[in-house]
Structure formats: structure tokens, C-alpha cells
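> What follows is each chain in one-letter form.
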Amino acid sequence: MMNLAWVVPLFPLGSFILLLLFGRRWKQRSAYVGIAATLLSLLWALVVLVDRLGGSTYEANWTWMTIGGVTLTVGISVTALNAWMLALVALVSWLVHVYSQGYMAGDERFSTFYAYLGLFTFAMLGLVLSPNLLQAYIFWELVGLGSFLLIGFYFYKEEAKAAAKKAFIMTRIGDVGFLIGMMLLFWQTHSFDYDDIFRAVGDGTLSPGMTTLAVILIFIGAIGKSGQFPLHTWLPDAMEGPTPVSALIHAATMVAAGVYLVAALFPLYEASHTAMMTVATIGGVTAIFAATIGLVQTDIKRVLAYSTISQLGYMMLALGAGSYVAAIFHLTTHAFFKALLFLAAGSVIHAVRTQNIEEMGGLWRRLPWTAPLFLIGALSISGVPLFAGFFSKDEILAAAWTNGPRLLFWLAVAAALLTSFYMFRLFFLVFSGKARHHEDAHEASASMVAPMFVLGVLSIASGYMQTPWFGSFLGEWLTDGAYRHEAAPGWIAVLATIVSFAGIFLAWLMYGAQKMPRDWLSARVPYVDELLRRHYYIDDIYRLTVVSLVSWISRLLAYVDRFLVEGLARLAAGIVGAAASAGSRGQNGQAQTYGAVTVAGLAILVVIFALTGGYWL
Amino acid sequence: MTLSAYLALALILFCIGLYGALTKRNTVIVLICIELMLNAVNINFVAFAKYGAHPSVHGHVFALFAIAVAAAEAAVGLAALIAFYRSRKTVHVDEANSLKH
Amino acid sequence: MNDVWQSDWSMMAPEWIVLAAAITLLVMDLALPSSRSRRPLAWGAAAAAALAMIATAAMIPAESASILHDTFRLDAFAKAFKLVVLAGGALALLLVAEWAPKEGSPHRGEFAYMMLFALLGAMMMASSGDLLTLFVSLELLSVSSYILAGLRKTAPASNEAALKYVINGGIATAIMLFGMSYVFGLTGTTNLGGIARRLQETNEPYMLALAFLLLLIGVSFKLATVPFHMWAPDVYEGAPVPATAFFAVVSKTAGFVLLLRLLVTIFAAAPAEGRDPSSLLLSMQPVITVLAGLTMIIGSVVALRQRSLKRLLAYSSIAHAGYLLAGFAAMSWAMIDSLWMYLLVYTLMNIGTFAIIAHIVNETGSDDLDGLTGLYRHRPLLAAALGLFLLSLAGIPGTAGFIAKLHIFIGLVVTEPGHYVLAAVMAITTVISYVYYFNLIVQLFFRPTFTAPLGRLPAGLSTAVIFCALGTLAIGWAPGLAYDMLARFGHFGDFLP
Amino acid sequence: MMFLSLLVFSPLLGIVLLMFVRKTDERMIQWLGTAATVPPLILALFAFVQSGRGFRLERLDEARDWVRLTDLPFLTDAAYVIRYELGIDGLSLVFIVLTAVLATLAALASMLVKTEKKGYFLWLLALEIGMLGVFSAANFVWFFLFLEVTLVAMFLLVGKWGGLERERAAYSYLLYNGLGSALLLVVIAVLLARTGTANFALLHEMLHNPAAEGQLIAPLTAEGRRWLLGGLLLAFAVKLPAVPFHRWLIRVHVEAPPPVVMLHAGVLLKIGAYGMIRFGIGLFPDEFRSFAGVLALFGVINVLYGALLALRQRELKRVLAYSSVSHMGVVLIGLGALNEAGIQGAVLQSIAHGLISSLSFLLVGVLAHRMGTTDINRLGGLTKAMPLFSGYLLTAALALLGLPGLAGFVGEFTSFLGLFQTKPALAAVGALGLIFAAVYSLKAVLDITFGRPRDRREAVVGSREPQASAASLGEPQGGVVDLQGKEAVPAFILVALIVAVGVYPQLLAAPLTAVVKTMMNGLGG
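Listed in order, the protein sequences are those of chains A, B, C and D. Going by our numbering, the first sequence runs without a break in its numbering and finishes at 617. Going by our numbering, the second sequence runs without a break in its numbering and finishes at 1101. Going by our numbering, the third sequence runs without a break in its numbering and finishes at 2497. Going by our numbering, the fourth sequence runs without a break in its numbering and finishes at 3525.
Treat the hints with caution; some may be incorrect.
As the list claims (entries may be wrong) - Listed next, the in silico SDA-like pairs over lysine to any residue satisfying Cα-Cα at most 20 Å (straight line): (1) D/K3023 - D/E3116; (2) A/K515 - A/S432; (3) B/K1100 - A/Q590; (4) C/K2102 - B/S1087; (5) B/K1024 - B/S1098; (6) B/K1024 - A/A596; (7) B/K1024 - A/V599; (8) B/K1050 - B/D1094; (9) B/K1100 - A/S581; (10) D/K3443 - A/E158; (11) A/K515 - A/G433; (12) D/K3443 - A/K515; (13) B/K1089 - C/P2156; (14) D/K3486 - D/M3002; (15) D/K3443 - D/A3428; (16) D/K3023 - D/L3112; (17) B/K1100 - C/S2366.
These are computed hints drawn from the structure, not numbers from a lab.
Bound conformation, chain A alone:
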């Protein structure tokens, strides 16, 4: 079946095309097309996955374009990682398709929404099947397109417009890095194929300096897509999109593409210590950085968005620390619990029609399905033992301890503390306490609850693929058996547990039991609070530096264009015109002047001749 893996992305593509053509006629029924298509994809992907579990990598290529002697190809490559991602993406996508039927019901552009979802799913599935960098880049941009379209789905909102634009442009900055890195690699190896590139690293055709440069450039692409510092600012704004989109694209799949890319190119990264350190540092910094901002957000989706950034930072940290498996493991569990959290948040928003957590409260009883499911997600992300997040986070911490710099390890621990704190701050604010005028809030339809339920189960179960106790199935499979569990000290797991409970306890103190004043921190260090609320002023810094610089240059060039370039042309025209006027005026109508001019001409010629003696030039 692996040789037919290329069919998997085609179902959502078909759904996209069909809905584009007929969606307006089908209206609400469009959802079935999308759900059916993604279901087929999911089933097919599972078949491929099962096939791959027992088999070996399959690769097939077709000509895309020939350039002189070089043939660029597109194809599919079913490695363990790819098969895994394929199934993961198809699964989450299908769940979100199902969920959206309820969430988006009644929207005027319902079919458009499903069309876009189909496009995105197609692109994401295509991305994870890519056997070469070029194809990866193509789909890389296409997932960006899907994200862009869906963020801007509520096109009439100025915020959505701005957010969509920002998302596209910020990720594009990263993409250009990706593109440059990829092209540099191409001229070193004359191929975009992962295998060829890895081989070139192996046999030393690729100089270390060039490798470092190229992979760091490619990593910029990953930074952009995965919302890592400093290109993260688009991701919180992307929450302007419909919530299912946030769950699918901006939590579970697309933003993880950066992690996927680094993982797919892992042998290349491993060849460069500098690159690995860069990845780890960016990851670690982003993890703590985003977590601190998450502490003070009041929009439910933005809290989750910063949490996503922070968790992605974790994954990068894992990659940088050399633990490919930990990163993918966390990617998987994160996909489940973060999708769950977003869908649950969507359910809450659906119920109370606001995203501001300060206007929520006491929803535990009103949302009997959503609330426990949200709790599961929160426990999982906080790293409470026995939940999926615990195992994957533990793996990352272990890797950071053994391979990474100590500082990054402690940053990761601090981030874990903050994570459990802000997650439970969110939980308590939304679900506990007094209900605040949401009399009509009620649980959503089954089509929304069911996907959450599935994700809830997975948020617990997926952890057991890779535990210190029951073996490390995922690791062994992903690395073809070469995996060995990091011999990390046992106290790390204990520390992680303590930290996670500490965070929850603190949140309970402040928001659950309200034993501590909420403004405990902000009252003491108001400027820190302000700093966090303004997201470390990153957006402002960009506006004042990059944006204003570009606009200043642009204005300068506008003047150059208008006055210098056009001016020179006008000057030339003016000179000709002035000469015309002068010549015309010189023609004064006096016959004798004409004769005099002639005689003067003759005299000049004779004089010059007399002076030069015939040597004119």
C-alpha cells in the first residue's frame, strides 16, 4: 500500500476542488464532502502506517522539471517519520472536520470554510510525504496559504485581515531563509533529495561551514512556521481565525511543521554542532519566553497560542539536544492535547460567545462534557504523571539534561512550572467560581463533543507509546531500532512532577481558592506585568525598526523615482525643448541674418582650418 501513499493527499484536494466548484450550491451539506474525504485519507494513511510498521522505507519520484542536465523531481517517501506524521495529520484533520460541522453551522461561507480546510489538509499531507526539499518547500508554502486563508476567514473583520497578512508575511520571512538554505545546499550536492544530501554530508562533499550556514537558514524557515522567537508574533494574532482552525493548523499540525522539517533533516543538523546549539537555544528561549507571556493573557485562545509557542520551543529544544524521538513524541502528544484544548476552548466560546476569560467562570456544571475534557488536556500539558504530556515532556527534559547546556535544562523546568500555572489559571477562571451571566450557556452538539472525546482519550493514551516502564515502541520504530533510552537520572521525572503540581497549586491558590490576591505579582512589579502584557514589546520593536526602516527606504525611493529618475528624463526632454525654442527664436525672419550665419559658419571653418592646418581631429 505504501506505493499508493500518494493517494492520501488527493482526497482533501478533491474535496477542495469540488467545494470550490459546487460548494455554494451544497451549502451545509459541504461538510459531508470534507468529512468523507478526510476520513478516506485517514483510513488510507492508517493502512500506510500499518504497512510501514512492518516494512521499510518506500520512495518514488516523478519528473517535475528538467534544468539542463539536472532533473528536479517530485515524489513520495514513506519513512517512519512520514508515515507517522501522515496518520497524525489525517487523524486530527478528520476530527476537526467533524467538529467544525457543529461549530461553523450557519456560517454564510460554510462551504468555503470546508474547501479551505481541504486545501490545508492536502498541503499538510503533501508536506509530510515529501522526499526532497523542493517539494517540502512547495507544500510548506501551501500550508501557509491554507493557514492564511483560514485566519482571514472572517474577512470583514479588520483584525482578521491584519492577522492573515501578518501570518503570511512573517512566515514568508522564514520561508525565504528556507529557500536560500535549500538553494545553497543544491549547488553543493546538485540535488534536493534528502537522501542525496545526507549522503553528501556523509562522504564529506559538503563542507562543515556550508552545512552550518545552510541548515541555519533552513531553520529560519522552521522558526517562522513554528512560531519560534523572534518570528512568533503572528501566531497569537492568528487566533482571529475560527477556533477549529486554531486547533488544526495553529496547534496540532502546521506549526509543528517546523519541528517536522528539522526532524526530517536531522542527519544534516547533527553534522553541525553550531546548528544544533542554535536550535536548542532558540527552542529553550522560546519555551520560557512564550510561557511568561501566557501568564497574563486574558483571551482564552491567546493563552493557548502562547502555550503552543512554548511547547513548540520544547520540541525544538529536544531536537537541539539531539533527541529526535523526544521531539516527535512530544509533537504527537502535543497535537492531541493541544487540539483537545483548542476544541474545548471552542466549545466554551461557542457557549458563552466571548473569548475573554475574565468574563467567564463557573462553567463546570454547564458544560459537563467540555469541562472534564479540558481538564484532561490541561493535566496532560502540565505534565501530570500518567497523562501523555508527562512522558513526552520528561523525555525532553532528560535529553536536555544529558546533551544540552545546563541553562537550557533549567529554563525548560521553569517553563514547565509556568505552563502548569497558566493552564490552571485558565482552567480555574473559566470553569470554577461564580457563573457570570451565561444563563443560556449549554453544551455543544455531539458532533463537537465526539472529536473532543477522541482527543481526550488520546491525550492520555498516546503517552504510553514511549515510557520508561512499558518500553519505547515509538523510538525504536522511528529510528529503526537504533534508539536507546537516555540514561537520565531518575530525579528528573520527580522534579518534573513536583514542578507541575507546584504550578497547579499556585494557580489554585490564586484563582481557584482565591487565597492569594490575583495582582500579587502585578502589584509588586508592575513594570514586569506591563512588559508581559505587551508581549515584551516585540511587535512595537518591529514596527519601530524593521517596518519603519523599510517604509523609510521605500519613501526615499519614491522620491528618487519621482525626482531623480523622472527628473533626468524630464531634464533631457527639457533640454530638447529649450533647444527647440532657442532654435525657433533664432530663426528671426531676417534674410540678412541667415546670410550672416552662413558667412560666420564659413569663417569658423576657415579659421579652424588655418589654425589646425587640416588636422581637424
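We have chain A; now place chains B, C and D onto it with these hints.
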């Protein structure tokens, strides 16, 4: 020696004629000055025919033709002047300046 | 005396035809009652010119020969340029036939035979082998032209034009004659071939150079090139349209005939001080180059400011003279070829333009370019024809003007070293000339019309327009037609005596 | 074989037939004018398909005696013989197909042109003949001839059927391109004069075969060849256009009627690229090397300059105009790279930009027709009223910014890939343009299609143009109508082509491979 003298005379006459043709306001005088220039040429021709490096009768013939042509030209010139005078009531060449620029 | 009677007078058949026609018309004009229209006389003159053209064409295969002590030469050069001159003359005479100024056209009979005399002068010039015949035929052309310019006796502009033409022409004649006298003095002969031979032994470089410059300046009057170009706009504007067309085309061709006959024959092999001691002409090349460049620039730049169509075309003709002079300045082997081709093409496109202007002037009494506005709406074919002539004047491919210009360009760059500066000046001035040619096209096609629609084109003008348009198109798309003819002249190998 | 002549001159049939149609019969004119563009399309596609099947395009070569300038005895029989010669290779073929396709689509889109349709179509067809001829000519003189046909046709089309400042735009076009053409003419004259031929193949032979050195009529030194190439490049840089010769392009884009701009941006600009490849690389490969750096530099300048200025524009046409400047920079970048990828990239980019800019201007035409303005400040939220149109517009913007899967990416990618081999640092700077491209195209298009629908009065107050009065504002007539059947057809075809090229570029790359290989052999690399 003698040739140079004739040539110098012709040149001077030519220049006088030219000066007059370019500066005099009265068209009749301008036309006469042009005649002067042509006559200067005739002196040249005749002088060359007699004292030139290759004396020959061609110079005389040429001078005769030049005289005839000059007469024709003067006649046409005067005719043009008369027509001009009829429409403009002036013989001043500098007032013939309605066509310009 | 025997020589005279034993000469092969048939060689002069075209001249005889034109002369006979002119005298016949003169007599008829005197004899006919004044009430009779003189229009048939002009048609007759045109027919005579056409007949002379046929006679000339019939003589093409004949060997080159000369009669009357080598004062009259019938070489390929003479035949070729006589054809161009006669074509221009015949077409201009068609314009004369339809000449209808507002004040009436009482002198059309004179117009026709004076133009024939002028034409005769131009023809003789092409065949001259002697300084004397050259001079006399030049004067025949010039003096007749002065009269043509002033033929509208009651129009002040016409009178003024004639007066200016006479004065400047007189000065030019004197200057040229002065130069001729030096040339004669150095050689003692008036035969062009003889002069060339004797000059090879002379060692008076300064006098010779002075003679050259005097002749060059004198010739530049007929060519209307810098520095003797200033009379042209005034005279063109004041003269009746058919006369303007005649000056622009026939006189200009005659000027280049004079340039080639006089300067090339005499000075090509004359010794010189300077760069090229073997040839005075080559050592004077820089002067001609500079004059050509200035002519192109002044002609095309000043034309930008003109509103009178005749005046505009006057400047345009100065610019074209500059292109031609550039072709001359290159002094490549393509020189005479390219000049002939350009003059032929120039004749067609210019007469075509003037024919339409003549119609506009006849109908509106003014030659302001407003007269063209919206012509396309009422007379689309006429507008299209004018558009074609303008594109050809601008040198746009697909028209004859392009081929001719390309040939000049080739001449400019084929020599070593190439005249790249001149080529660049020519290219740039061509683009500048686009502005005023296309401005006319804009008037024709874009603007709405404010004036009453023009009447139908009379027979003579439409004949001229159709002939010119067909010629312009044919040479533009099938230049082989013209070049095959050129090939039959053997590249003027017998030009130098 | 008359195939190529038939291809080039078949619109003539339409011209002749149109002459006999009454001026007022607009439907007939529209129908006939559109139909007249179909024969070349069919022939071009036929040739394209056949060549894909292995038909050798050389068999289409045509030659006919035209003129022999001179037969001086010291010259060989072949000297100064200019023949009517047509001939195509893969490179010309893709451009011919592009021209034929866009001409038909532009004719379809011309239904929005309402005044003097007859004359309009006459010149549109003449323009098509010129463009087809330019790409079919196998001879410098005929190349130039056809080039000038486009010059005159464009002058009339812009000057008569353009916007408010149409005459100025037409003159700008005429003078800039006239100067370029004049320079080209000088170069052609030098080549013709000194080699005695204008045929591309013969010229190539004369210039590169050492044995032919003796046959030159006048010597062509290495120095001279460099100058010739410089002149050629400069001439085509004006047509492309390269900064600082781009001002005419802005005016024409803004003023010309949108269907004409479809052809102008779609095909005419590409003559610059075609010329540089065909003559620059084709005839002077050795000398071209020394210009590669300059070309690449100008390419990068073009890319950034165009993009940065496009950022500031608030009029959709101007945004697109500057984006054209930017995209033509990519062509220069490809040429400056001077390797297989670069050359192929330049061609692909030309084609891609042709399709994309055509689509953009088709939409601009519809927008101007519906809303009466293309000022971004006065537009907004169009997705609500015109969802289909907005979708197309967004697609155009995405193609413009080089989204993979659409044609624009293929060209940009290949060009930049080329430059990254030879001048990576420069290429990296140029790649910034890709970011700016995203910014300006999204900014412009999202401001039109997204957000709130603009309140007109507010827009006037906010507008920086004081002369904009409410009266001049385009008032949508009744309700705003979305893209309709007949208008959607060309848009759909263009999008389909853009996607096709983007998804499977081999479609275009295949005919190019052989040509690119030949050129690389010439370059000795």
C-alpha cells in the same frame, strides 16, 4: 605678383559686397552688393585666365557666362522686390520678417 | 564646329522633351485666351516629365558616354538621378495642376513651364561634366525657383519668400562661384575630369582647401544644411505648396547631385594637408561629419515647435538633408547607392505628404496643423495615407523610409573606423522626430474635428497620393523592387571621369 | 511550407474582414475580432503539441528572397542579401504560444472597451501580428520590422483608447521604446554592415567560426563586439524595462486600456528578455560573460526597487506596474546567473509573469468597470459583493508573490536557483524581494477584498488626492455584479494555465531544454 594683386582686389571687392549684402537695409543696394560679389568673381576668372598657373580661355568664357547669369538673377531679384513693394510698400529688407520662427 | 553637329544628340532626349514641352507651354500660355483654364497645361507638363522619365529609363542599358567635349555626360549616375528628379518633378506638376489658392490661380501656366525649366536645370546638372554647365544648370534651377516661390503675386508671404530666396540664393551663388574661380585658377580648365587630373599635381593646399570650403558652403544652400539652412523654413512657408514640394524634393535632389558631381569628382583624389594626404575629400570628412550632425540636430529639434505644416516639413526636410549628408560624410562604398535610394524614397513620401497638405490648404486656406484634426473621421483613407507617409518619414519599418535609413546606417558603420557618433546622432534625432511626426498622427486619428469636413481629393492630387503611397508601401515591403533597379546602375562605377 | 507565415499573418484576415464591418455593429466587431485571434492560437498550439511529439521545428523554417542591398564585385554572392526568413525553436515557440493565448484572451476581455471598437480591434490584431512576428523572425531586419509594428500599434492603442493621460503615456512609450529601438537599429546596422547578413544562424556562424573571420566585410574587434553587446543589452533593457528606464512602463500600465495592458505586460515586456537571450547570449556568448555581473546587479536592483515602490502605491494599477518592474528584475537575475538554471528561469519567469500580469489586468479591467475606480483607498470588503472576483484577485496576488504551485514560483525559483550558483551573496539580497512581494501584493489585494466595505464619503476625505470629488468617484451602477460568465472565461483559463505551469513546469521546460543546452554550449560551460 601681378596675380596676387588681382586676387587681393577680388577678395576685397567680394568682402565689401558681402558686407553690404548683409548689412544694407535697402534691398536695391543689397542686390547691387550681390552683383559686386559676382563681379569680384569675374575679376578672379579673368585674372586666372591671363596670369594663372594654367592660363586658358576658359576663364574668359566663364566670366561671360557669370555676367549673363548675374543679370538674370538681378532681374528676377528686382522683380521679386517690386512684387514685395506692391504688397508691403517698403523696400527695406529687414521689414521682410513676417515669416519667422 | 564639327563636333557639335556630329554629337549624338539623342543622348539628350529627356532634356529635349522637357525643353520642348516648356517652350510649347510657354507659347500656349501666351496664346490661349485668359478665360481658358490652364489646368490642362500643368497636366501636359506632368505628362512631359513622365515621358522624359520613360526616355531616361529607356537609356539605362546604354553605355556611359559624353558629348560636347565632355560637358554633357550620360553615365549611370546621370540616369539614376535624372529618374529621381523627373519623378519628383512629374509628381510636383500634378500638384500644380490642382493648385487652387484662395485668391485664385491666375499664373498656373507660368507655374507649369517655370517648373519645367527648373526641372531642366536639375536634369542638366545630373549630366554635367563641366564646371560651366554645372554652374549654368544650377542657375537655371535657382532662378526658376525664385520665380516659383513668388508666384502668388498678391500674397505678401509669397513675395517675401521670393525676396529672401533671391537674396540668400545670390549670396550662395557668389560664394560658390568664388570657390569655382579658385578651382579654375589652380587648374586652368573647367572640365571636371581635367580639374581632378590637374589637381593631383598642384601644391597649393591652402587655396584648394579654401576653394573646397567655399564650394561646400555654397552647395549647402541648395541642400539646406547647416550653416546655410535658415532660408528654407521661410521660403517653404511662403511659397505655394506645389513649389514647396518642388523645393523640398527636386531642389534637394539637385543639391546632392551637385554635391557629388562637384566635390567628389574634383576633390576625391586631390592632395591635401592633414589626416589623409591622398584625398582632400577624406581629410575634410570631419567637417562634413560635424555639419551633418548639426543639420540633423537643428532640423529635428526646431521642428518640435512648429505649427505650420509647411514650416514643419521644412525643418523635417532639413533633418532629412542631415541624414543624407551623414550618408555622404561616411564616404563608404555605399555612399551614392544609399543617397540615391534615400532620395527616391524621400521624393515619394514627401510629395505624398505635400499633396495632402495642398488639399488642406486649398480647402481651408491655412496650413496650420489644426487642419488635420479628426481627418480620420471624414476621410479615413486619406488619413491612412498621410499616416503612412508620416511613418515613412519617421523611418518606421514596413515603409520605404526605413529601408532607406537602414542603408544610410549601414554606410555609416561599414567603414573602419565606423562613424558611430554620427550613427548615434542620427538614431537620437530620429527618435526626436517621432515626436512631431506622431503628433501629426495624433491630430489625424485621436482628436475630434472642429472644422468642416474636407472635400474629395481632386484627380491630380489623388493620382499623386496613390502613386506615392503605393511606392512607399511597395519599397517598404518589397525593397527588392528598388534595389534591383539600383543594381542595374552598376553602383555608379563610371561616376568618376 | 508556409506554416509560420500563416501563423504570423493570419490575423490579417481578421483585419481585412473587419474593414467591411459597419462601425456601429459592435457585437459583430467583437465577435470577428475575437475570432481572428483564434487561427494563430490553433496553429501555435498545433506546433507546440507537435514539437512535444518530437517534430523538428527547423522544418518550419521559411526563407524567401527579399532584397539584396548591393552586388559590388568585391563582395560574395551572399553578402547583403536580406531574406524574408522565419524560423522558430523551443524558445520562440513558448513565447509564440504565450502570445497567441494572451491575444485571444485579451480580445475576449476587450468586451469592456466600448468606444470605436473597429479601430481598436484593427490595431489589436496588428499588435498581435507584430508580436508573433518578433518571436518568429529568423532575421534581424525582420525582427526589427515586427518590433516596430508593435511600437506603432501600441502607441495608437494607448493613445486613443487609454485613460485620462493617455497621450502622455503613449508618448512616454514611444520615446523610451523608440530610443531603445534606435539603439537596436544601430547595432543591427553594424552587424549587417560588417558581416553582410542579418540571418541569426549565419550571423552566429560569422561571429564564431574562426574560418569565417576572413569573410567579414569589415573587422569586428573584440572591443567592438563588447560595445555591440552593450548596445543590445541597453536597448532591450529599455524594453524590459530595467531601472532606471521604467517610467514609461508605469504610465502605460496605468493609462492603457486593461486588455491592451494584458498584452503589453504579458508579451511586449518579454521581448526584452527574449532579445537578451536570443541575441545577447545567442550571438555574443563570450562577451556576455563580462556583462553577467552587471545584469545580475541590475536584476537585484530592479527586484528591490520595484517591490519597495510597489509597497507605497495606493492605486492597484500602479502596484501592478511596479510589481512588473520587480518581476522583470527576476528575469535579469536569471540572465545574470548565466547558467542553465538561470536562462531557463528567465524564460519561465517571462512566461509566468505574462500569464499572471494578464490575469491581474483582466481583473483590473473588471474592477474599473464595476467600481469606476482602482484606487485602493476607495475600495474594501469586496469579497462580500463579488466573491468570485475576489477569489480570482486573491489568486492573482498569490501568483504574483510567487506562491508555489502557481506559475510565478517556478520562474522565480529557477532564476534565483541559477544566481545562487554564481553569485550567492547578491542572490540572497535579491531574495528579500520575495518578502516585499508578499507584503505589497497582499496589502493591495486584501485592502480591496477584505475588511469593511468602504464608505465613499470617508474615502474621499481620507484620500490624499484633493481633486477627487464625489462626482468622480465610481458609483457602482445599481448593485455590484460579480464576475459574469463571459468575463470569467478568460480569467478561468488564465488561472488554469497559471496552475498548470506551476504544478507541472516541465510542460514549458521541455521545449526549452534543447535551446538552453545549445546556449550553454555557446557559453562554453
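> Hints first: check each against the structure and report whether it holds.
Comparing the hints with the structure gives:
{"no.": "1", "hint": "D/K3023 - D/E3116", "in the structure": "7 Å, holds"}
{"no.": "2", "hint": "A/K515 - A/S432", "in the structure": "14 Å, holds"}
{"no.": "3", "hint": "B/K1100 - A/Q590", "in the structure": "8 Å, holds"}
{"no.": "4", "hint": "C/K2102 - B/S1087", "in the structure": "17 Å, holds"}
{"no.": "5", "hint": "B/K1024 - B/S1098", "in the structure": "19 Å, holds"}
{"no.": "6", "hint": "B/K1024 - A/A596", "in the structure": "12 Å, holds"}
{"no.": "7", "hint": "B/K1024 - A/V599", "in the structure": "16 Å, holds"}
{"no.": "8", "hint": "B/K1050 - B/D1094", "in the structure": "41 Å, violated"}
{"no.": "9", "hint": "B/K1100 - A/S581", "in the structure": "12 Å, holds"}
{"no.": "10", "hint": "D/K3443 - A/E158", "in the structure": "12 Å, holds"}
{"no.": "11", "hint": "A/K515 - A/G433", "in the structure": "13 Å, holds"}
{"no.": "12", "hint": "D/K3443 - A/K515", "in the structure": "49 Å, violated"}
{"no.": "13", "hint": "B/K1089 - C/P2156", "in the structure": "11 Å, holds"}
{"no.": "14", "hint": "D/K3486 - D/M3002", "in the structure": "34 Å, violated"}
{"no.": "15", "hint": "D/K3443 - D/A3428", "in the structure": "24 Å, violated"}
{"no.": "16", "hint": "D/K3023 - D/L3112", "in the structure": "17 Å, holds"}
{"no.": "17", "hint": "B/K1100 - C/S2366", "in the structure": "16 Å, holds"}
Going down the numbered hints, you'll see the structure goes against 8, 12, 14, 15, while the others check out.
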